[in-house]
Each structure stands twice: as C-alpha cells, then as structure tokens.
Amino acid sequence: MRVLIVEDEKKTASFVKKALQAEGFAADVCHDGDEALAVARATPFDVIVLDIMLPGRDGLGVLRQLRERKNPTPVLLLSARGEVNERVEGLNAGADDYLPKPFELSELVARVRALTRRQHDQKFTVLRVADLTLDTTTHRAERGGRTIELTTREYRLLEFLMRSAGRLCARMMILEKVWDYDFDPGTNLVDVYVRRLRDKIDADFEIKLLHTVRGSGYLLKEQP
Amino acid sequence: MTVRTRLTAWYAAVMFASLLAIGLLVYREFAPEPKKDTPQEIAEDASDFQEVLRILLWCGVPAALLAVGGGWWLTQKSLAPVERLTAAAEKINAGNLGERLARSGNGDEFDRLTAVFNAMLGRLDDSFSRIREFTLHASHELKTPLTVMQGEVETALREADLPTAERERLLSQLDEIQRLAKIVDGLSLLTKADAGQVKLDLQPEPLDELVRDNFADAQILAESQGIRVELAACEPIAIRGDRHRLRQLLLNLADNAVKYNHRQGHITMGLRRAGEAAEFRIENTGPGIVAEALPQVFDRFFRGDPAHATAIDGCGLGLSIAKWIVSAHHGDIRIESMPGKLTTVIVRLPVSSK
Numbered sequence: 001m002r003v004l005i006v007e008d009e010k011k012t013a014s015f016v017k018k019a020l021q022a023e024g025f026a027a028d029v030c031h032d033g034d035e036a037l038a039v040a041r042a043t044p045f046d047v048i049v050l051d052i053m054l055p056g057r058d059g060l061g062v063l064r065q066l067r068e069r070k071n072p073t074p075v076l077l078l079s080a081r082g083e084v085n086e087r088v089e090g091l092n093a094g095a096d097d098y099l100p101k102p103f104e105l106s107e108l109v110a111r112v113r114a115l116t117r118r119q120h121d122q123k124f125t126v127l128r129v130a131d132l133t134l135d136t137t138t139h140r141a142e143r144g145g146r147t148i149e150l151t152t153r154e155y156r157l158l159e160f161l162m163r164s165a166g167r168l169c170a171r172m173m174i175l176e177k178v179w180d181y182d183f184d185p186g187t188n189l190v191d192v193y194v195r196r197l198r199d200k201i202d203a204d205f206e207i208k209l210l211h212t213v214r215g216s217g218y219l220l221k222e223q224p
Numbered sequence: 001m002t003v004r005t006r007l008t009a010w011y012a013a014v015m016f017a018s019l020l021a022i023g024l025l026v027y028r029e030f031a032p033e034p035k036k037d038t039p040q041e042i043a044e045d046a047s048d049f050q051e052v053l054r055i056l057l058w059c060g061v062p063a064a065l066l067a068v069g070g071g072w073w074l075t076q077k078s079l080a081p082v083e084r085l086t087a088a089a090e091k092i093n094a095g096n097l098g099e100r101l102a103r104s105g106n107g108d109e110f111d112r113l114t115a116v117f118n119a120m121l122g123r124l125d126d127s128f129s130r131i132r133e134f135t136l137h138a139s140h141e142l143k144t145p146l147t148v149m150q151g152e153v154e155t156a157l158r159e160a161d162l163p164t165a166e167r168e169r170l171l172s173q174l175d176e177i178q179r180l181a182k183i184v185d186g187l188s189l190l191t192k193a194d195a196g197q198v199k200l201d202l203q204p205e206p207l208d209e210l211v212r213d214n215f216a217d218a219q220i221l222a223e224s225q226g227i228r229v230e231l232a233a234c235e236p237i238a239i240r241g242d243r244h245r246l247r248q249l250l251l252n253l254a255d256n257a258v259k260y261n262h263r264q265g266h267i268t269m270g271l272r273r274a275g276e277a278a279e280f281r282i283e284n285t286g287p288g289i290v291a292e293a294l295p296q297v298f299d300r301f302f303r304g305d306p307a308h309a310t311a312i313d314g315c316g317l318g319l320s321i322a323k324w325i326v327s328a329h330h331g332d333i334r335i336e337s338m339p340g341k342l343t344t345v346i347v348r349l350p351v352s353s354k
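Protein chains in written order, with the numbering used here: chain A, 1 to 224; chain B, 1 to 354.
Everything labelled a hint here was simulated from the structure, so no lab data went into it. Because the structure is a prediction, the values reported are computed rather than measured. Watch out, some of these pointers could steer you wrong.
Claimed, not checked - From the structure, some residues in chain A lie toward chain B, with a derived Cβ separation under 10 Å: (1) PHE15; (2) MET53; (3) PRO102; (4) PHE103; (5) GLU104; (6) LEU105; (7) TRP179; (8) ASP180; (9) ASP182; (10) ASP184; (11) THR187; (12) VAL192; (13) GLY215; (14) SER216.
In this text, a Cβ means the ideal position worked out from N, Cα and C, and glycines have one as well.
With the sequences and hints as input, model every part of the structure.
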C-alpha cells in the first residue's frame, strides 16, 4: 500500500509519514500542490492525504485537477479550518474523507486504512469475528450460539465495528458512521454505547472481542 | 420634559412677553398726556390703562396660544432629523455595524451630525471586525502547532519500551492538547458565526424525530449517574432548520442536563407547539444557577460556580454555541433556575409556514 502525503508543514508531514510507515504503508511526501499533481500522475497511489492549505495550488484545486483527469485514487482531505461548510465543499469536489486539524494520528491512520479497504468490502451479508456473527439482512447477532438482542443504534455500532474488524475505529469515525454527526458533540456518548455493547457481546465470554484504545477509540478483534 | 415641550413653552412665553412689552410701549408713546388734575381725570386715566390691559390680554392670550401651536410645529420640524437619527441608532448593534444612516445631503447641522455619527460607526465597525479577524486568525494559527504537538506526543506514545510513568504523563498531555483543540474549534466556529460566515443548510426537518433521537441518547448518557430521563411530550412539528446544527443543539442541552445534575436526579424534556413556535423544554434537577448569574450563562467561557467549574469537563462554549444555533434559526433561548431544585432551558423556534 502506497500513500502520498501532501502537506507543506514539514513537521506534520514527517510524523504522518512515520506513523503510516509504522503501520506498513509506503509513504511519499510532497510539500506543494503542483508537485503533488506531477507525482500523482507519475505514480499510482492507494490513498492521497491532501492538506487544503498549500502554497501555490491549494488542496481543493489539486483534488479537482485529479478528478478532472479521471484519477480515482481515494483522497483524505486535511484542513486547519475544520468547518462543516468546508467539509461539504471538499466532499463535493471529490474527496472521499475529511479530517479537521488538529487530528489524532491514530485516527488519521485508521481513516487511511479504511479508504484502502473501501473499494472491496460491504459485500458480505454475514459478518463474522471469532464466534460472533452478525447477519446484515436480518439484523440478528449471535455469539456462541446465543442470540444477542440489540437496539437499532447498537446494531449500527456493531455493524460498523465488525466491518472494520481488526482496525481502530476512532471516536469521531464512529460518530460519523453510527450517529451521522459531523461535529464532535464533546460528550462521552460513544464510550457509553460501547460499554453497553460490550456488556452484551463480551461480558459472558472468556475471550473479549471489543478492545479500547485509550485516547483514540475502539477496536474489535479476536486476539487481545 | 422633552426638548420639544421645553422649546415650545419658552417660545410661547417669549412671544407673550414681547407682545405685552410692545403693547405697553405703544400705549406709553401714543396715549394722551395724563392730566391728573381732578380726581375725575385721574380715574379716567386709570380706566384707560385698564382698558389697554384688557385689550392686551384679549389679544395676547390667543396670540400666545397660536405661538404654542406654531412653536410645537416648528420644533417638531427642526427636531425630526434628531428623532430619525435616534431611531436609526437604536437599531444598530454589534451585528449590523456595517449599516449607515441616510444623510439628507443639504449640509445643515443635522447632516453634519449624521456624517459624524456614520464616521464613528465606521470606526466601531473596523475595530469590531479587526477583533473578529484576529480571533479567526488566532484560532486558525493555533491549529497548526496543535497538530504538531498532538502528532509528536502520539508518535512518542507509540514507542514500545516507554516507562509507565512517562506514558501516563504523555497521555495526560494528550488530554490537555485535545481540550485546547476543542476550545479553539468552538472559538473559531463562534467567531465565524459572528462574522456571518457560517451557512446553515436549511431544510424542512421533523423536530419531533430529532427530539426522540436525542431522548434516546440522553437516556444513555444519564444511565451511569442513575439519572432518570423522561419525555413528557413530543408533538409532531416540522421546522425549517439545519439538521446537524439542531442535533448539536439538542445534544448539547441534554449533555448539560446530565453534567449539571446530581446522582439519582431526573431530567424531563418535552416538545410542544406554542402558537407559531415549537417549544422545546428540558429541565433537570441539580445545583442550578443563582439569579445573578443567569444573564451571563450564554457568555463565552462562563462557568456557573468557579469552585465546580474544573470538575466538569467541556470547553465552556457549549451554551454560547447553543445560543448561536437558536438565533441562527430566528428563535430564542432562555434559562430559568431554582437553585438546588430545578433548572429549565426553554428553546422556541419558529415553525415553518408549510
């Protein structure tokens, strides 16, 4: 997996690169928009992490150019302005995801990872993690042969966690996908829901599936 | 007494006095020489004088009345520009400093006053927008170093052989950075809203649905504190609004009702139609807000009781943001509180015409 990081702030570019490399990505860095366009044309990338504020051609301009040239590479926009309008503008210009600054590094990595998978999942109707299964057509959850009763919100939360099994789900990503919030409400809503879900799927079992990543979010996986 | 009444009274009095003075002067100049010889002639003189006084009074009083009327009209005419200026000035607040008063253009005293007033508005507008620009730039500029700080702390946390004490220190630093980031976020949102730069995406929204969703979330938030949440009423009402902002508003209020509550307390929310408005009420038990502090609750960074402020996390901008969302929907929000018992937040939003 190869990621292009377009960010003029050198320190930010450097730790983003380091974090992505630590997760097994190959990462290249560009510091301005025109350079980014040239590099993206020469090399195929799996994901482009694109800052909006750039010297020369800005991020949105780069994005529009890419899409005009029919380049389908998933793009994660970064922006220090972080306003709903801008998010909408970015998504309309063809971005696949948007992350306002300051961001959590682990969330950035999680979002990049989610973008690399976006193209080829969503197809399975029965999701499975260890002995936990979730049927997305009947909304039935089972673990170890026992049926688990879920509310609508809990179902959506579990579905999202199971579709991202093995990957970190940052709090803000959960809020976006499960609650459809595009702002951080500054409450511990997610944590409380996860706790309830944990009571239902993990409490009676030896092997715990739902793990907390302190300060970042949650993760559903088989091994601790 | 208004300037107008005063001027009219003075005007009438001066008219009356000058009439008397002229009358007496004329009498002295043109009256026949007093004879004062016989007592009969003296009496005649006196009666002449009384006759003149009588005539003066009979003409003087109506003349004075006329002067009152004329004065009233004259002062109204000359003071009208002042009235207009006052009415226009009353309408100006921090939100429309860009507006200017209309000038007559004839170069008289009032036109000059209007010009001076407009110039003052211009300077006010300048300094207001400079403050706004400053806050906007400041919050924007703060985000880059915050991003770097957060990223570097997180990078440090990724090192596997980090001693536990060091890890705890870094995690606590991370918490503070995130708090700071939230404050900066809230500030930049409010500053943009002040400058009219935040656009709402107005669509017909079923408010009752949003309230019901919010009720479910509030129950979850309240559960760990043993707080009971009740939905007293939820009438089907649609308004024109921005879905995300309305949800932000409702969740914000619900979150406050949980945070500023006590264990085993309760929360009641309700949505009702009240004339042309949708009224959302949410009341909670808890310490409440003393009457003197009520006018300030919507101020940025206001915390009710400084002693408790630090125990409750949050950025201190929640209610300011709530107020902005309500105002942007042309509604109003107010808080009533009986300290120690019940605090009620009442939001009224105009119902869409259709």
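Evaluation of the provided hints:
no.: 1; hint: PHE15; in the structure: holds (4 Å)
no.: 2; hint: MET53; in the structure: holds (9 Å)
no.: 3; hint: PRO102; in the structure: holds (4 Å)
no.: 4; hint: PHE103; in the structure: holds (7 Å)
no.: 5; hint: GLU104; in the structure: holds (7 Å)
no.: 6; hint: LEU105; in the structure: holds (4 Å)
no.: 7; hint: TRP179; in the structure: holds (8 Å)
no.: 8; hint: ASP180; in the structure: holds (8 Å)
no.: 9; hint: ASP182; in the structure: holds (6 Å)
no.: 10; hint: ASP184; in the structure: holds (7 Å)
no.: 11; hint: THR187; in the structure: holds (5 Å)
no.: 12; hint: VAL192; in the structure: holds (5 Å)
no.: 13; hint: GLY215; in the structure: holds (6 Å)
no.: 14; hint: SER216; in the structure: holds (9 Å)
Violation of the numbered hints given earlier is absent; every hint is satisfied by the structure.
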